[in-house]
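*Asks:* From just these sequences and the hints, can you work out the full model?
Single-letter residue listing:
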Amino acid sequence: MTDQDTIVSSPPKKKVARTAKKITAPTKKESQTRPPLAKSHRPAVVSPAPKKERSRRTLNYLLRSSKEEIDKQEGRLLVIDRVDSDVMVLSPPYLDIQNPRIVETVSVRRNNATSIQHSLKVQAKRPPLEKLIPRLEILSEQLNKPDLWDDPARAGKISREHGSIMGKMKEVNAFEQELFEHIDMIKLAREDNDAELELTWPNGTETGSPKALLQLRTHIKEKELEALLAGEQDPCSCFIEVQAGAGGTESMDWASMVMQMYIKWAEGRGFGVTVVDEMPGEMAGIKRATIKVDGEYAFGYAKAEVGAHRLVRISPFDSNKRRHTSFASVAVIPILSDGYSRVQINESDLKIERYRAGGPGGQHANTTESAVRITHIPTGITATCQNERSQHQNKASAMAVLQSRLDHLETERQAQINAEHTVSLTDINFGSQIRSYVLHPYRMVKDHRTDYEVSDPDSVLQGDLDGFILSFLSASLDKNKDEDL
Amino acid sequence: MKSSSFARPSLSSILQPVFSLRPKHGRPIICSTILPKPHTPIYLRPPAFQATLSELKKWHIWAKNQATSVGSTFSDLDNGPDSTLLHRELNWLVEDALEQPAILLPQNSRNNYDDATPLSIRACLDDLYKLWKQRIEERRPFQYVVGCEHWRDLILSVEEGVLIPRPETEMILDLVDNAVKGNEELKNGLWADLGTGSGALAIGVARILGLGCGRVFATDLSPIAVAVASYNVERYNLQDRIAVRLGSWFDPLKDVQGELSGFVSNPPYIPSEDINGLQAEVSKHEPRLALDGGANGMNDLIHLCNGAASMLKPGGFFAFETNGEKQSKFLVDYMHTKVKGSFYGVNIISDFAGIQRFVTGYRA
Ligand SMILES: C[S@@+](CC[C@H](N)C(=O)[O-])C[C@H]1O[C@@H](n2cnc3c(N)ncnc32)[C@H](O)[C@@H]1O
Chain A
1 MTDQDTIVSS PPKKKVARTA KKITAPTKKE SQTRPPLAKS HRPAVVSPAP
51 KKERSRRTLN YLLRSSKEEI DKQEGRLLVI DRVDSDVMVL SPPYLDIQNP
101 RIVETVSVRR NNATSIQHSL KVQAKRPPLE KLIPRLEILS EQLNKPDLWD
151 DPARAGKISR EHGSIMGKMK EVNAFEQELF EHIDMIKLAR EDNDAELELT
201 WPNGTETGSP KALLQLRTHI KEKELEALLA GEQDPCSCFI EVQAGAGGTE
251 SMDWASMVMQ MYIKWAEGRG FGVTVVDEMP GEMAGIKRAT IKVDGEYAFG
301 YAKAEVGAHR LVRISPFDSN KRRHTSFASV AVIPILSDGY SRVQINESDL
351 KIERYRAGGP GGQHANTTES AVRITHIPTG ITATCQNERS QHQNKASAMA
401 VLQSRLDHLE TERQAQINAE HTVSLTDINF GSQIRSYVLH PYRMVKDHRT
451 DYEVSDPDSV LQGDLDGFIL SFLSASLDKN KDEDL
Chain B
1 MKSSSFARPS LSSILQPVFS LRPKHGRPII CSTILPKPHT PIYLRPPAFQ
51 ATLSELKKWH IWAKNQATSV GSTFSDLDNG PDSTLLHREL NWLVEDALEQ
101 PAILLPQNSR NNYDDATPLS IRACLDDLYK LWKQRIEERR PFQYVVGCEH
151 WRDLILSVEE GVLIPRPETE MILDLVDNAV KGNEELKNGL WADLGTGSGA
201 LAIGVARILG LGCGRVFATD LSPIAVAVAS YNVERYNLQD RIAVRLGSWF
251 DPLKDVQGEL SGFVSNPPYI PSEDINGLQA EVSKHEPRLA LDGGANGMND
301 LIHLCNGAAS MLKPGGFFAF ETNGEKQSKF LVDYMHTKVK GSFYGVNIIS
351 DFAGIQRFVT GYRA
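Going down the list, the protein sequences come from chains A and B.
Under UniProt numbering, the first residue of the first sequence carries the number 1, and numbering increases by one thereafter.
Under UniProt numbering, the first residue of the second sequence carries the number 1, and numbering increases by one thereafter.
No lab work stands behind these hints, which were simulated from the structure alone.
A virtual CB, placed ideally from N, CA and C, is assigned to each residue, including glycine.
Incorrect hints may appear among the rest.
What the simulated footprint calls covered on chain A by chain B, stretch by stretch (three residues with Cβ under 8 Å from a Cβ of chain B suffice, anywhere in the stretch; the number is not a length) [stated by the list, open to error]: (1) 312 to 319; (2) 390 to 402.
Simulated DEER-style distance windows between Cβ atoms [said to hold, decoys possible]: (3) B/D174 to A/G380: 24 to 30 Å; (4) A/E410 to B/E273: 22 to 28 Å; (5) B/Y113 to A/H440: 25 to 31 Å; (6) A/G380 to B/D251: 50 to 56 Å; (7) B/R45 to A/L409: 44 to 50 Å.
*Replies:* Now the structure itself:
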């Protein structure tokens with residue numbers, strides 16, 4: 001064949017280039033811009049506890065999730081902010097008003113403490129690297145054999161595996177180094193008599209134990225994340241589906257606000273976002289919509305959002321200006337990649353309906369409408385797509401959604417069979433109410449699972465969800481561990 | 001008149017003797033001087049214009065209001081687009097025309113982009129107003145507005161004078177795919193797409209035939225169609241495997257008479273008197289030459305059916321698109337009676353809407 005023949009490339013389909021806006025450190029800005037707490041909206045506020053008390057509790061908050069108590073005593077003033085992607089920082093917002101310096105030191109130390117704490121949780125979850133050491137020895141031995149390259153294929157395999165284990169060991173060493181530095185800092189902190197920073201290690205592990213340290217193999221920047229996102233499907237991309245509850249235009253408007261919140265959240269995290277399916281409401285908002293969120297750990301984070309989201313506000317659609325409560329339910333479905341076992345779909349089990357203009361079709365009609373709905377007859381599960389520009393593409397997208405739904409269903413079924421699979425499933429129930437967004441008579445967003453809350457609904461609706469997500473994930477991690485012990 | 005649209009000496013020499021890009025008796029390349037220059041779809045133009053964010057927002061709001069004000073008037077009137085669809089089209093226009101389309105998305109409305117930010121666009125602001133006005137007021141088809149149609153897995157350039165490929169027609173490629181599967185002779189043979197329009201079927205068929213010896217001829221009587229089809233063929237880098245020729249049906253293919261392994265056609269099949277009653281996008285804007293199939297709509301189908309017998313080699317495959325049950329049955333009946341013995345395995349196949357749309361079969 002000629003050279004030309006081999007380059008049969010189609011013009012790339014143009015994707016909407018979305019500006020990936022990185023979330024920038026919100027701590028400072030927020031603490032500066034956060035308005036003084038309006039007492040009238042917060043009847044539960046009691047005066048802040050003395051500083052030491054507070055610090056200990058805030059630390060506990062992260063480590064043991066004894067949040068309720070703090071909430072009661074401190075009037076729900078805690079905010080977990082992200083300073084950068086690797087750490088959670090506790091910044092009680094009132095502190096900086098009184099003394100910004102304190103916030104900083106407290107935060108920095110707390111970072112380290114929590115990081116280490118989390119890394120030890122990672123340890124509990126990962127196969128010990130130790131196991132790899134004998135393997136490494138065998139491989140090294142093989143590599144040193146003079147006849148190694150007699151079989152180049154085998155030699156390549158051996159040297160690759162050797163390299164990969166060496167890489168991991170290197171990581172561990174670097175991590176160890178870092179961990180020691182952190183521990184030094186803690187010691188310093190202790191000498192400062194900041195006794196509350198003392199840590200209790202899980203399983204009574206000694207702080208300096210090289211055995212424990214050897215098992216920590218990931219870089220410090222990843223470890224918290226990995227601890228929180230250790231689920232098998234967590235690394236996957238996902239679909240997020242939002243469906244308006246009963247209540248007409250008001251709840252459809254709410255559903256579209258929720259969808260916007262996720263789009264912004266996902267874009268802010270640098271994920272790719274595509275609207276797959278969207279059924280607009282008659283007057284405003286959406287009846288339902290599905291977006292595809294592409295990126296590593298998209299599912300791991302987004303799964304924290306599954307459930308019913310409740311809005312309380314004066315409805316702009318009510319001419320009598322009454323207060324309305326509406327719901328939107330959120331489902332999150334992982335998109336399993338090829339490595340996972342996927343449900344086999346029989347073509348003959350599918351009913352594929354396409355939009356048609358009505359009438360004789362063909363040359364008679366010209367429409368850009370090309371919606372496709374696919375029904376999987378045995379399960380009754382359907383998937384719809386109409387946002388692509390050709391029927392072919394809509395069908396492909398709808399099939400992808402259907403495949404993921406069926407995979408998800410199968411995972412849940414499996415999980416029910418071997419009830420080990422506790423985290424993602426028992427905690428995630430499509431119907432249960434997980435969070436309230438109150439815009440009237442006071443302003444607050446509160447998560448009912450973790451009691452995590454913030455007093456600035458606008459920022460949340462603008463996609464500032466990480467606090468909610470991380471607090472939920474770390475709460476379910478703790479819960480899981482308690483169950484494991 | 002016949003001609004190859006872009007014969008390249010170097011390539012045709014590679015391809016000979018299996019496949020000559022020049023018709024044996026033709027005068028090559030003459031139409032490069034006659035053929036109109038195809039328009040570039042908006043999404044492929046350089047972002048050579050600028051407008052400020054506030055200007056674009058203003059345009060966008062105006063355009064949305066235009067779309068909303070249509071309501072269901074068009075769909076009630078003649079099955080035209082309703083507001084929902086027009087809003088979706090507007091999103092696609094934004095997607096095609098702006099270098100950073102995301103900036104106009106609703107979720108960015110509260111970002112602190114400065115309204116004075118200059119943004120790069122692929123058509124000037126005045127044109128954006130003009131284009132959307134044409135879409136709403138003149139019912140100019142959206143695909144002509146943006147200059148392209150997303151069809152199957154292709155993005156085809158289209159413009160006035162060329163039929164916008166229909167979703168029903170996508171299925172012909174499935175039929176070809178089925179016929180070619182496991183049949184190396186068909187897969188490596190010569191194919192034709194008669195009345196190629198934008199080149200949709202020819203390109204689809206060439207991609208199905210793959211990298212073997214299979215080659216495709218695409219013919220059309222309309223110079224604009226030939227120009228646009230050639231442009232699309234080049235965009236998909238298939239110029240070595242598809243030859244686009246100007247002329248009526250089989251006329252430009254005299255040199256391969258009796259040698260075709262397969263051919264497909266979606267000829268004009270609408271009865272003449274029906275055309276004025278079609279939705280405005282079709283009746284007012286699409287070329288009559290592409291739609292009008294004569295008094296009962298069957299003129300071209302019958303002509304092609306007769307030609308099929310002499311053009312195909314034994315075992316060769318054909319697939320026609322028709323207006324529906326009546327025409328399909330008529331055609332099958334015609335094959336069984338008038339050109340008796342020429343074909344076998346003649347079949348009617350329904351489209352996705354259940355309309356008996358396609359007639360397929362093999363040369364005996
Ligand atoms: C319905 S359109 C089909 C276009 C394209 N194949 C498609 O499916 O989108 C019919 C095409 O036949 C062409 N046509 C009409 N009369 C013709 C003729 N006598 N010879 C060749 N092509 C003709 C028209 O120009 C038009 O492009």
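*Asks:* A separate judgement is required for each hint: does it hold in the structure or not?
*Replies:* Hints, one by one, checked against the model:
1. For the stretch 312 to 319 of chain A, the assignment as covered by chain B is violated, since 0 residues bring a beta-carbon within under 8 Å of that chain's beta-carbons and 3 are needed.
2. Given as covered by chain B, the stretch 390 to 402 of chain A passes the check, having 4 residues with a CB less than 8 Å from a CB of that chain where 3 are the minimum.
3. Evaluation of the 24 to 30 Å hint for B/D174 and A/G380 yields a pass: the beta carbon distance comes to about 27 Å.
4. In this structure the supplied range 22 to 28 Å is violated for A/E410 paired with B/E273, their Cβ-Cβ distance being about 56 Å.
5. Taking 25 to 31 Å as the suggested C-beta distance range, the pair B/Y113 and A/H440 conforms, at roughly 30 Å.
6. Range check, A/G380 to B/D251: about 54 Å between beta-carbon atoms, so the 50 to 56 Å window is met.
7. Separation of B/R45 from A/L409 is about 45 Å and conforms to the stated range, judged on CB atoms against 44 to 50 Å.
Going through the hint list in order, the structure does not satisfy hints 1 and 4.
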